[in-house]
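*Asks:* As they're listed, the protein sequences go chains B and A.
Under our numbering, the first residue of the first sequence is numbered 1, with each subsequent residue one higher.
Under our numbering, the first residue of the second sequence is numbered 493, with each subsequent residue one higher.
To be clear, the hints were calculated from the coordinates, so they are not data collected in a lab.
Here a beta-carbon is modelled for each residue, glycine too, at the ideal position from N, C-alpha and C.
Heads up, some of the hints might be wrong.
Said to hold, decoys possible - Label pairs and their calculated CB-CB ranges:
#, chain 1, residue 1, chain 2, residue 2, range
1, B, Glu-296, A, Arg-574, 43 to 51 Å
2, A, Gly-599, B, Lys-87, 25 to 33 Å
3, B, Pro-365, A, Glu-669, 27 to 35 Å
4, A, Pro-511, B, Asp-98, 48 to 56 Å
5, A, Lys-527, B, Gly-14, 36 to 44 Å
6, B, Asp-98, A, His-552, 51 to 59 Å
7, A, Asp-654, B, Lys-87, 21 to 29 Å
8, A, Glu-669, B, Gly-208, 52 to 60 Å
9, A, Gly-596, B, Glu-314, 49 to 57 Å
10, B, Asn-408, A, Lys-528, 34 to 42 Å
11, A, Met-493, B, Gly-14, 23 to 31 Å
12, B, Lys-204, A, Gly-599, 55 to 63 Å
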Amino acid sequence: MTSAKHAPDAFSKGKTPTFEVSARESLADHQLRRNLGKATKTIRGKRAEAVGEMPDWEELREAGRALKERTMRHLDHYLVELEESVKRAGGHVHWARDGEEANRIIAEIARSHEAREVVKVKSIATDETRLNEHLESEGIEAVETDLAELIIQLAGETSSHILVPAIHKNRAEIRTLFMRELGLDDLSDEPEALTEAARLYLRKKFLGAKVGVSGANFAVAETGTVCVVESEGNGRMCTTLPPVLVTLMGIEKLIPEWRDFEVFMQTLPRSSTAERMNPYTSFWTGVSPESGDGPEEFHLVLLDNGRTDVLADEIGRQSLNCIRCSACLNVCPVYERTGGHAYNSVYPGPIGAILTPQLVGIGKPGPDSLPYASSLCGACYDVCPVKINIPEVLIHLRGKVVRNHQDNDGLKGKLDPENVAMQVMAKTFSDRRLYEAAQRLALIGQWPLARSGTIHRLPGKLSGWTATRDLKALPKETFRQWWKTRKNRSGS
Amino acid sequence: MSAREEILGRIRRSLRDVPSGESPEDVAVERGYRKKDEAPHEEIVDRFAEHVAEYRATVHRVGEDELPAAIERALRERGVGRLVVPADLPEGWVPEGVEVLRDGADGHRLTNGELDRSDGVLTGCSLGISQTGTIVLDAGEAQGRRALTLLPDYHLCVVREDQVVGLVPEAIERLGETVRTEGRAVTFVSGPSATSDIELIRVEGVHGPRTLEVLISG
Ligand code: SF4
């Protein structure tokens, strides 16, 4: 099988391009834009329907937010409780300061069982640590088992959407890919046939695997229960069949009690795949070797990798509430046009724009550009099932980026009008009343950043931004302003 | 310093703004959402049947005494020859004329290969959730371990009407006991496995059973 050749992303050592540079490429890819447009529109509509059925949606969102806030404010307490619970249930717990440490732990477990191959269910955490590459360097092959992940792994590409990673590929492309990589002589391009080909190929892998690797949607401090929410059944396969199971989870994926699933199992599926419930959800609590049910050995790896830095920022902290539903991606006018790759991060879209720079730290040109990849229209906040105020965090991070520039660029930076405006905005966004007033002001063009002399057409290929007019809140002022500032900067 | 100590130390430093006297319960969680569906049970069961069917699973409503006949008919129509059943499946459910692979019979646990080569599996369930059309399996009575309902391509599942609850919170509450005291694995099944990974077109049956048939018995 072809190994996954990862493009550099924010979590790798290489420098990544800024959002505007990558966005320009994506905007020029018409196939990608068509696929994305169709996909996000479909999911948006379905989600609205699924949410519309729920008379208590707002109460559920609020409870989800509060539960996550409780978790984050007492994360040390809950992590220790989780560790105890998992151990009590017969599992092993490992702590990893960063991605490398996590990868080493997982590779060591695989090696100790002489596994040459592990089956994996989609996990963004393992994308973040680039686990597959690491395993490969140790002679262990990681087989991705989500259909979409398999597609992009076979293509040697990276994911472009949290939930639908192969959203940028159409059926004809997938057919060609499968025929070549799975060695099939003939294959129709019907989604059913393509899916069947993947089923047959992966079934052999599942039955033979000694080690399964998964991420986690949730882990319950009280009981040690780990939960994987999925559609295809590969999650059930990976967490049930191999004798050894390793789960990598970010330390923020914790929830306090079993009972809290009553909230998240209502909000996550409807926000994510826009269904009343996703086809399969697995909850397991340690191991039970005597019953023959599930793995004999279970390892939970708790990953920090920058999360404790996010936690330190009182405004940014809420980014850790994210339950990775991807609803904010699907409603984002910027994401809809650029797709996920423009973010150069395993976390794309609005949540990626706030999470990535915080996880890797301010001061890197690629990630620093992400808080600007937004029109601040607020749609992401409205749909977020845990009420992360993404616009607030975006503004806050813009302020941090500018301040960082200022500190490093001397007086020139201090007088930067963008910086002054950002500070006003950061203050404004921390106060709801001011924020709402400012939004109204923004509509009539009095926003601090809406200076005169706006650009009517963006240069070159980015003219797509200004040419589309079907959006309520286009990245008008801020994006243009930002573009202008950037251009001046790079020209100076 | 161990990674554990270091990470916990980082967390504590990052949370310096949290008053030291604050306990987790001090962070208010308003649970203002619905906890129970107050509709008549009949209606709740009707809605369960509707919602399961909307996932493109086949649903039949049968009286308690019609159950064995309904099982037989379903298996015959599907052409099941080799049927996997959990050790404690009620005797009366298993029809004549099919080869029964009973998990754990004579101390023999079915291998993954045997499960894979079977034509289907017949089980009961722990709960049904009306709100979402979900069948809950918890390795309890008449359900068996997880691999049984995962590897065969066809799952025939019996849900008793009195097992159907209204809302997700009702199900989570009922399951809490099993999870806390026995740590049994729980699986939510909502329709057959599905993917929308190719052009967002829904395709049933990627890895789990491609066909889910549900008998709701009175
Ligand atoms: S930020 Fe909110 S909407 Fe976006 S993926 Fe996370 S939970 Fe979902």
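*Asks:* Each of the hints needs a verdict: does it hold here or not?
*Replies:* Going through the hints against the structure:
Between B:Glu-296 and A:Arg-574 the C-beta distance comes to about 27 Å, which lies outside the given range of 43 to 51 Å. Here the CB-CB span from A:Gly-599 to B:Lys-87 is close to 31 Å, well matched to the stated 25 to 33 Å. One distance hint, 27 to 35 Å for the beta-carbon pair B:Pro-365 and A:Glu-669, is violated here, with the actual separation near 54 Å. Taken as a hint, the range 48 to 56 Å is violated for the pair A:Pro-511 and B:Asp-98, whose Cβ atoms sit roughly 30 Å apart.
Separated by about 51 Å at the C-beta atoms, A:Lys-527 and B:Gly-14 break the suggested range of 36 to 44 Å. Checked against the given bound of 51 to 59 Å, the beta carbons of B:Asp-98 and A:His-552, roughly 54 Å apart, stay inside it. The beta-carbon spacing between A:Asp-654 and B:Lys-87, approximately 37 Å, falls outside the hinted interval of 21 to 29 Å. Our hint of 52 to 60 Å for A:Glu-669 and B:Gly-208 is violated, since their Cβ atoms are close to 37 Å apart.
Checked against the hint of 49 to 57 Å, the pair A:Gly-596 and B:Glu-314 passes, with Cβ atoms roughly 55 Å apart. With their beta carbons about 58 Å apart, B:Asn-408 and A:Lys-528 fall outside the hinted range of 34 to 42 Å. Between A:Met-493 and B:Gly-14 the Cβ separation comes to about 30 Å, which falls inside the hinted range of 23 to 31 Å. A C-beta distance of roughly 28 Å is found between B:Lys-204 and A:Gly-599, which places it outside the suggested range of 55 to 63 Å.
The structure shown violates the earlier hints numbered 1, 3, 4, 5, 7, 8, 10 and 12.
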